[in-house]
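In order, the protein sequence lines correspond to chains A and B.
Position one of the first sequence corresponds to residue 1 (the numbering used here), numbered consecutively onward.
Position one of the second sequence corresponds to residue 1001 (the numbering used here), numbered consecutively onward.
Since the hints were derived computationally from the structure, they do not count as laboratory data.
All C-beta atoms, glycine included, are put in the ideal place defined by N, C-alpha and C.
Looking from chain B toward chain A, a few residues come up when the C-beta cut is under 7 Å (computed):
id, residue
1, Ile1164
2, Leu1168
3, Leu1172
4, Leu1178
5, Leu1181
6, Leu1182
7, Pro1185
8, Leu1186
9, Ile1188
10, Pro1189
11, Ile1192
12, Ala1228
13, Ala1232
14, Ile1235
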Amino acid sequence: MSEKKNWMPRWFYQLASPRWSYEIMGKLLPGFAVAAFLFLIAGTVWALLFAPPEAYQGNSYRIIYIHVPSALLAQSCYMMMAIAGAIGLIWKMKVADMVAKSCAPIGATMAVLALATGAIWGKPTWGSWWVWDARLTSMLILLFLYLGVIALYSAIENEAMAAKSAAVLALVGLVNIPIIKYSVDWWNTLHQPATFKLTERPAMVPEMWLPLLVMVIGFYCFFAVSLMMRTRNEILVRERRASWVKELVEKQ
Amino acid sequence: MGRIVTNESANSEASSVLSLFGAVLKRDLMLAYRKKSDLFNPLIFFLMVATLFPLGVSPEPDFLAQIAPGVVWVAALLATLLSMESVFKSDFEDGTLEQTLLSPQPLFVIVLAKVLAHWMMSGLPLTLLAPLLAVMLFLPAEGMSGLMLSLLIGTPTLSLVGAIGAALTVGLRKGGVLISLLVLPLYIPVLIFGTSAVQAAVTGLPLAGFFALLGAILALGLVLAPLAISAALRISVSG
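Isolated chain A (complex conformation) (with noise of 0.2 Å):
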């Protein structure tokens, strides 16, 4: 036997502890929760108060300092929700499963979100709430991974056996995004002749994209805040049997 090679850092394999995941966790919280109140807040009064307006759309522009951070956000956790679903299936943590499934419905409100702002800016913009723009139809795409997630979570019973399923449905996934999104963006050219060309945005000024910034950063510290929360539920949640959540439940 060849000696065990220590190339994965002390702090990886601790994480694998719920009980230390929880306690980290709730260190953490207060610091995101507190950034994540100010940037968005500071953003918020920033991009609706002093952003110059837009040239072309007035004030209507405005709606996209909430609708990027939410399609940043609905992609990047995606991304986090498979490669938290591949550690849980390689190094078998269930730490790792909790956060990819508090992952999931965060990622799929995001998603919604994102439609949702990006339909209200539509209408002005381009008098329809739907068109069918590569960047939507990848969107509405991305949402339907995340229901199909969520689904297959919900039907399994047996929480290690629908973590592990979810985990390969997110990782096939995963190998499909740039696919679908590449055949999407084609068969978007090959249908529609440029009628809206909103992907080739011009050049914003600084005084644009700074306040986009902090939202940006708002959005993530948000979404750390209420995946750590969700995680430190699932985690007493799934460990109720634990001698520490018992003692966790009763000093409450």
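Since the structure of chain A is already known, use the hints to place chain B on it.
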């Protein structure tokens, strides 16, 4: 522990993998042949779905010709989904699947053979039946070769991806609707390239690009999907 692999043993290994593949394929085909309703129901469904469009939308030949590629492809996709649930179901119920997983044979090969058998019982007949639908929907004759070829290259991918959904839901009592939910979003690229190929054939544009893309997706599916199917089967059976 280095095992010495001589030329001879490598040869015999390759031939045993092939004979395993052949045995599984033969068994599944035989089972499908003995239970003919499973074979014909998706085909009848395929025909019925395509009949609904002239009734529901418009019987105008010009209009039908325009939507024909999409209708045939969507009908093929739904028919494949309909037949998907049965791929692993009976094996799961009578315990064959569990024995298969316990056996020392490579699961990748077994799964691939099962998917091939499924395709020969669903995708291939659908492809052969497609010209009938195309005539019913007034697809111009130039589009026929594009339709057949795109179905021939595209339907194996549908079987491969669908089998992932079937493997994930095989242990559940009501897997049917769930398979559709899981798998339909993943079918979208095949649908797009398949219908685009037919439309290109109708308008006389070059087709090779679409077939290359469908072939690339199929190649990717052939390599990766059996891995996902095997993993999903192991999860479903162990639970």
